[in-house]
Structure formats: structure tokens, C-alpha cells
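Novice: Construct all of the structure, not just a fragment, from the sequences and the given hints.
Sequence lines, in order, name chains Y and V. Counted the way this note's numbering counts, the first sequence spans residues 1 to 121. Counted the way this note's numbering counts, the second sequence spans residues 1 to 243.
It is worth saying that the hints were derived from the structure and are not from the lab. Careful: at least some of the hints might be erroneous.
[Claimed, not checked] Each pair of labels, with its calculated beta carbon distance range:
1) V/Tyr-25 - Y/Leu-104: 32 to 42 Å
2) V/Ala-186 - Y/Leu-4: 33 to 43 Å
3) V/Gly-198 - Y/Ala-68: 17 to 27 Å
Virtual Cβ for every residue (Gly too), placed ideally from N, Cα, C.
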Amino acid sequence: MISLAQMAMAAGFVLILIGFYGALTQRNLLRMIVAFSLANTGVHIVLVAVGHMRGRTAPILDAAVPVADALTRVIDPVPQALVLTAIVIGLGVTALMLAYALKLHARKHTLDIAKMTELKW
Amino acid sequence: MIKRAIALLLTLAVGALFASLLVGYVPDSELNHTARYYAERTAEDIGAANIVTAIIVTYRGLDTLGEVTVLFISAAIVGLVLAQGRVLNNAPNNAPRQTRAPVSELLSTGSRVLTPLILLLGVYVFVNGHLTPGGGFQGGAIVASGMLLLLLADPLKQFSHRLIAVLESLSGLLFVGIGVLGVLLAGGFLDNRLLPIGTLGELFSAGVIPVIYSLIGLKVGAEFSSMLASLSETNHTENSEET
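Specialist: Okay, structure coming up:
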């Protein structure tokens, strides 16, 4: 029996692989950035899936989850806090990559990574 | 072709690693030690209904301060990288900037109606961060999406960089200031018990968490907006730069 967490985790791994393959094969800088974002999202999904537990609910104490039952009713809050951090940092990284891509395009008038040969040997 | 084959092989190898992880994965049936502590102690110590918020703002508050700093640095670098060469080009480009066709009435009115509502939703999300699945980062992103709508409706729109800078530095300073007050008046840096903890589940509860998360929301919103503004202002001005 495949659980929800395992399905989500498999989907996350597939996203990471798509991003990995895309980053290796694409030559357009913008497509590479999209690939990195895909892989990033995959990592987030895997992390959230690790914290999921069958039959439990979100770690928010309210009428549905009284404080006394919290131990048996909520899922692990730590991966969620981690992913919140990871999403924000990922956004900062993506913005930086886009800024550098814009700058490179302004300088070279192309986004093709194969034409940027300064560091090639 | 050979490169593509190598990439495919590498991807398959990594995929095999992932597959072995996935097959061997056994979900926990009980909370682990750390999670158990947070689940048991949050209501009593922090008074926040949302345990994730309690972790982010108070238990691991220092990490969040670092995270906001990372975001600030990346916004600053985006501004710095894109600003090079813009100052010189600004003056001659002002004239052709105005020649773009005006946006349609529907688009501009629609964006003007929607933006205040989006801002309101963003503020709601970060003010209620300790009660609902929201918080400063999410609310800040929503606020910045309102700015994005304005930019999409009118790509030549100029945001006030001064306002963004003032908002961002002020909220950052207040965030650190509240943290230092925690050292002086409560249990430690970023301790939330500066204000009374109150009743679990009410808006004015959980000590200074709503205040800190609102400041984070303002700061994140300002940072994202400044990134958007830097990226959008670059389009037309950089074309004249030659290698």
C-alpha cells in the first residue's frame, strides 16, 4: 500500500530529477533557471512529505486539535518550518540568478550558455 | 548527442539513489523528540496556536533573523548588479520612455481596484500568522504580488525607492530592537514574553509574535518589491550598453 507521503515524496524526487536533467541539457540561461526552480520545488515537496504522518492534521492548535491531544493529533512541525525558510531563500537565489542573466544578456546580447566562453578551457 | 546521453545517465544514477531512499522510507508513527517538545510546550510557553510560527519566530528566532538578513542581502545585490550603468542612461532614456502606448482603461482600473484588496489580504495573513497557516513571509509575498500587479498593468511605473528603503530599514531595526528588549526585560534574545501571552487563539496573544511577524511581513514585502522594481526598471535602460 502506497501512502500519501510516499506519493508526494516520489513526485518531489521526479521534480528534482527533471530539474537536474534540465539544468544539465538546456543551453538557454532562462531555461536553466526554470530547471533550478523545479528542482528546488521538488526538494520542498520531499521535505514536507517527510514530516507527514498518516491520520494527523496540521500543527495548529484550535477547536479541532485541543492542546491536550496535540501529541497524538499533529504532524511534525519542524520540516514545515524548514521548508518555509527554504522557499524564501530559494526565492532570493532565483532573483539573483535572474538579475545575473539580465546583466549577461545586456552585455552579450544572448542567453546561450555555450557562447559564454570566458571561463572555458 | 553524447553530452545528452551523459546527462541522461547521470540523471538515472541520481534517480536510482532517490529510488532506494524512497523504497526504504518508513513514515514515523510518533513524533520524534524535537517535535514532541514543540507540540507539548508551545501552548504553555509561547501561547501561539500555530506551532510552526512559534518555532520560526521564537524557538528559532535567531535563524529567522539570519534568513531575513540573507533576503536583504540578495535584494541589495540584485539592486547593485542591475543598477550599474543605469544612472548614466537614465537621462537620455526619459524621453522615449513616455512614447509607449497607454494601457487600456479596463486593465488600469482593474489593477487599481484589486491592489488595495491584495494588500489587505497580505496584512491579514501576516497579522494572523500566529493563529492561521500564514505569517510574515507569506504575507510579505502577497503584498509584493500586489506590487507585481501594478507593474504588470503599467510596466513603466516607478516605485518610490526611498519609501521601500525606509520601510525596510525601519522594520528591520524594530525587529532587532524587540529582540534586544527581550534580553533586557524577558528571558533572552527575541523572547516573546515581553507582552503578556494572553489566551490561546486570540488575535492579541502569544506575546510579541504578532508584532515581530508583522515587521517581518513589512520587511519581506519591501524586499520583494525592491527586487521587482530593480528587475522591471532594467528592461529598457540597459540596451545601449556594449561590450
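Novice: Look at each hint and say if it fits the structure.
Specialist: Results of checking the hints against the structure:
1. V/Tyr-25 - Y/Leu-104: 32 to 42 Å: Given range 32 to 42 Å: holds, Cβ gap about 40 Å.
2. V/Ala-186 - Y/Leu-4: 33 to 43 Å: holds (41 Å)
3. V/Gly-198 - Y/Ala-68: 17 to 27 Å: holds (19 Å)
Consistency note: the structure conflicts with none of the earlier hints.
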